[in-house]
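Please construct the entire structure, taking both the sequences and the accompanying hints into account.
One line per chain: the protein sequences are A and B, in this order.
Numbering of the first sequence is given in my numbering, commencing with residue 2 and proceeding in unit increments.
Numbering of the second sequence is given in my numbering, commencing with residue 2 and proceeding in unit increments.
Don't take every hint at face value.
Put simply, identical chains are the same to the list, so a pair is met inside one copy or across any two.
What the hints assert, rightly or not - Computed list of lysine to any residue pairs in SDA-like fashion (alpha-carbon distance at most 25 Å, straight line):
1) Lys56 with Glu387
2) Lys56 with Gln301
3) Lys345 with Ile58
4) Lys56 with Cys338
5) Lys281 with Asn353
6) Lys56 with Lys300
7) Lys300 with Cys338
8) Lys347 with Tyr261
9) Lys281 with Asp392
10) Lys33 with Ala373
11) Lys408 with Glu381
In case anyone wonders, no lab produced these hints; they're calculated from the structure.
2 protein chains.
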Amino acid sequence: MITNNKQNFEIITGGITAPKGFQAAGKHIGIKKAKKDFAIIYSQVPALASGVFTKNIVKAPPLYWCEKLINSGKKIQAIGINSGNANACTGEKGYENAVECAKLLAYSLNISEESVLVTSTGVIGVYLPMDVMRKGIVETAKTISSDRDSAIDCAMAIMTTDTFTKEITVKLDIDGVEVKIAGIAKGSGMIHPNMATMLNFITTDVNIEKELLDKAFKSNIDDSFNMITVDGETSTNDMAIILANGCANNEIINKEDENYVKFKNALEFVLKYLAKSIVKDGEGATKMIECHIKGAKNKQDARVLCKAILNSNLVKTAFFGQDANWGRIISAMGATCLDFDPTKAKITFISNQGEITLFENGAPIAFDEDFAFKILSENEIKVIVELQDGDAKTIGWGSDLTYDYVKINAEYRS
Amino acid sequence: MITNNKQNFEIITGGITAPKGFQAAGKHIGIKKAKKDFAIIYSQVPALASGVFTKNIVKAPPLYWCEKLINSGKKIQAIGINSGNANACTGEKGYENAVECAKLLAYSLNISEESVLVTSTGVIGVYLPMDVMRKGIVETAKTISSDRDSAIDCAMAIMTTDTFTKEITVKLDIDGVEVKIAGIAKGSGMIHPNMATMLNFITTDVNIEKELLDKAFKSNIDDSFNMITVDGETSTNDMAIILANGCANNEIINKEDENYVKFKNALEFVLKYLAKSIVKDGEGATKMIECHIKGAKNKQDARVLCKAILNSNLVKTAFFGQDANWGRIISAMGATCLDFDPTKAKITFISNQGEITLFENGAPIAFDEDFAFKILSENEIKVIVELQDGDAKTIGWGSDLTYDYVKINAEYRS
Chain A
2 MITNNKQNFE
12 IITGGITAPK
22 GFQAAGKHIG
32 IKKAKKDFAI
42 IYSQVPALAS
52 GVFTKNIVKA
62 PPLYWCEKLI
72 NSGKKIQAIG
82 INSGNANACT
92 GEKGYENAVE
102 CAKLLAYSLN
112 ISEESVLVTS
122 TGVIGVYLPM
132 DVMRKGIVET
142 AKTISSDRDS
152 AIDCAMAIMT
162 TDTFTKEITV
172 KLDIDGVEVK
182 IAGIAKGSGM
192 IHPNMATMLN
202 FITTDVNIEK
212 ELLDKAFKSN
222 IDDSFNMITV
232 DGETSTNDMA
242 IILANGCANN
252 EIINKEDENY
262 VKFKNALEFV
272 LKYLAKSIVK
282 DGEGATKMIE
292 CHIKGAKNKQ
302 DARVLCKAIL
312 NSNLVKTAFF
322 GQDANWGRII
332 SAMGATCLDF
342 DPTKAKITFI
352 SNQGEITLFE
362 NGAPIAFDED
372 FAFKILSENE
382 IKVIVELQDG
392 DAKTIGWGSD
402 LTYDYVKINA
412 EYRS
Chain B
2 MITNNKQNFE
12 IITGGITAPK
22 GFQAAGKHIG
32 IKKAKKDFAI
42 IYSQVPALAS
52 GVFTKNIVKA
62 PPLYWCEKLI
72 NSGKKIQAIG
82 INSGNANACT
92 GEKGYENAVE
102 CAKLLAYSLN
112 ISEESVLVTS
122 TGVIGVYLPM
132 DVMRKGIVET
142 AKTISSDRDS
152 AIDCAMAIMT
162 TDTFTKEITV
172 KLDIDGVEVK
182 IAGIAKGSGM
192 IHPNMATMLN
202 FITTDVNIEK
212 ELLDKAFKSN
222 IDDSFNMITV
232 DGETSTNDMA
242 IILANGCANN
252 EIINKEDENY
262 VKFKNALEFV
272 LKYLAKSIVK
282 DGEGATKMIE
292 CHIKGAKNKQ
302 DARVLCKAIL
312 NSNLVKTAFF
322 GQDANWGRII
332 SAMGATCLDF
342 DPTKAKITFI
352 SNQGEITLFE
362 NGAPIAFDED
372 FAFKILSENE
382 IKVIVELQDG
392 DAKTIGWGSD
402 LTYDYVKINA
412 EYRS
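Here it is as structure tokens:
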């Protein structure tokens, strides 16, 4: 158990069912050959819900259902998630199938169909196998439980090409009342081709007003899930949902006071932890690159520069090759055509092996190639880009580009 | 000899020195270990010049010199190009070195220094070896000639990771006078890391007004060099230059008449031929993908959608794997967030093996996977995306993403 005193929260074991009043399930129902492929997250009481959805204009049909419910402010009591089939690019029939799944899950759990979200991840452009879905939803609903195993089953059932489950749980103290936040995620690319998508589900028993839940969730998303990249692609199915059921029974958080900040900070940790887990599991990735932009003109420019570096195939292959190739970094930044002054830029690499500055004031610095190689031999590397154009800064995370990325994506369907 | 009757021009052998009044040279001067690394293109009379330069905000110093001369409308008589060192990210000293090279080449050829362009391609962030440059420029200048071998030497001396020279020559008839256009190019990525850059040099003996030369050149650039991509990156050194010395002595083209159109069309062919050659030589590429967007809302949207497809790592790896993965194409288009209607989109693949439609009206079409694989086994594949949002269309060219791309770029400096 790690105590984070500064942040006033503790990391605990438990998973998605740790917050009070939450149950879960994960089963193999037959979409995939053998692995678990259907998950349920259930709250014993209807929960406040906030969500963000892919900006890809080609949205998978289930997302229209979810957005409609979330945007109308409906309380949510269950989420059904299948893996192995994204129900994307499936048109009207795909939407009808999604709604049928929601209705069936509502019926199985004896709750309102307008309190049930459904979503999918997997192959694009194939209709859901509805016979399998119908049988599987009913059966999985019978197995929901609040125990640890169910939380693990749930985290496993949403995986596609992921090589490990991604979950995190924290507890914090709000006026002497224990509040928990838990999250699970899947995704080892921003999109996996066929095996599309980044999905994130957060449960919390905090008692909070809807408006503040939305604010805490959405502002944190911009600095976590929206600042990671594996291959620069936005899936048709990306989504992140938080359910807050109030079962902790803390006095309601209804203003931006100390308690709100405590909750927001703990939630920020949860989201960033999951975001980084996704990058670490990036398709074929051997390294996580944490890129800091400092001294940018404004936050938007900082984000664009940061992502330009992390999305550059040339930067990514250089990290794979452990090559201290700062020229690719400055060139990737320049290619954004943003107005920054390269003659004032400074680039530094940091890892557990040490720190090295390669470029300063628009000109290269002579450096020890062997030492640079040693720094880059680590699995986690920080790239610090210091500009002198303003006060804005940001941090983003990305992966290297490897033979295995090509292998995974060239051979997936064959 | 291929006759293109429709277009009123013929492809001929000859190279950069084929148009009247042009000479060239290419030598090993010692920047690289053994291969040719310095090239000169020379016109016996000062030539009209038009140019386009990288939009990367981090421009290599020699480009500032070139842009200054071109933008001031100066006539140009010589271009000096070194490979093996990009003279990029080298600050004030890099600019001074570039100007010294221009002055030295002017002196060696006994022409005005303001008629001499210089440019570089190769490793970023290393100062030019000026001792080598000084000696090499003088020596190479002594060898300029209009013969075929000099044209080949010149085309070779601008290469970096290129695996073959890229050159094309055409002749056309303007009111009974023979006019020639020739071009050479280098580049096997939009940027090569260290080995940066796409360079294009066109010579023509046509007699034309400056304004029309600019217009014909720049409008064609948008549909040729600006519509290719290997890795979606814009180099610090990218440039394309045309020199028109008027030595063909045709009656001057001074309005947008039939002769102008003839010249423009022939130039379009030259530029597209070179652009496609660059893609075919893309780092690690095994296939050239020609992507057609039809029925787009406007030209700009068509270009963005086309490049989004060609730049998608997931689309590129799918082509490498010969996987008819239309889902990645529609998703890459959607991720642009442009307003198009995916439910009216149609996607077709065409190669010498046949033609197959995979997606229509927002839904997948059942198709024969074996036949699709056969179509994708060819080296050149057309992707036809038909929208129903308007009348705009475009064509772009890209390459697949392969193990060798990763290998070339991960291992380059080591």
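Right, here's what the structure says about each hint:
no., hint, result
1, Lys56 with Glu387, "between (30 Å within a copy, 22 Å between copies)"
2, Lys56 with Gln301, "both (17 Å within a copy, 20 Å between copies)"
3, Lys345 with Ile58, "between (38 Å within a copy, 13 Å between copies)"
4, Lys56 with Cys338, "both (23 Å within a copy, 7 Å between copies)"
5, Lys281 with Asn353, "within (17 Å within a copy, 41 Å between copies)"
6, Lys56 with Lys300, "both (20 Å within a copy, 23 Å between copies)"
7, Lys300 with Cys338, "both (16 Å within a copy, 21 Å between copies)"
8, Lys347 with Tyr261, "neither (37 Å within a copy, 49 Å between copies)"
9, Lys281 with Asp392, "neither (29 Å within a copy, 44 Å between copies)"
10, Lys33 with Ala373, "between (44 Å within a copy, 24 Å between copies)"
11, Lys408 with Glu381, "both (23 Å within a copy, 21 Å between copies)"
The structure shown violates the earlier hints numbered 8, 9.
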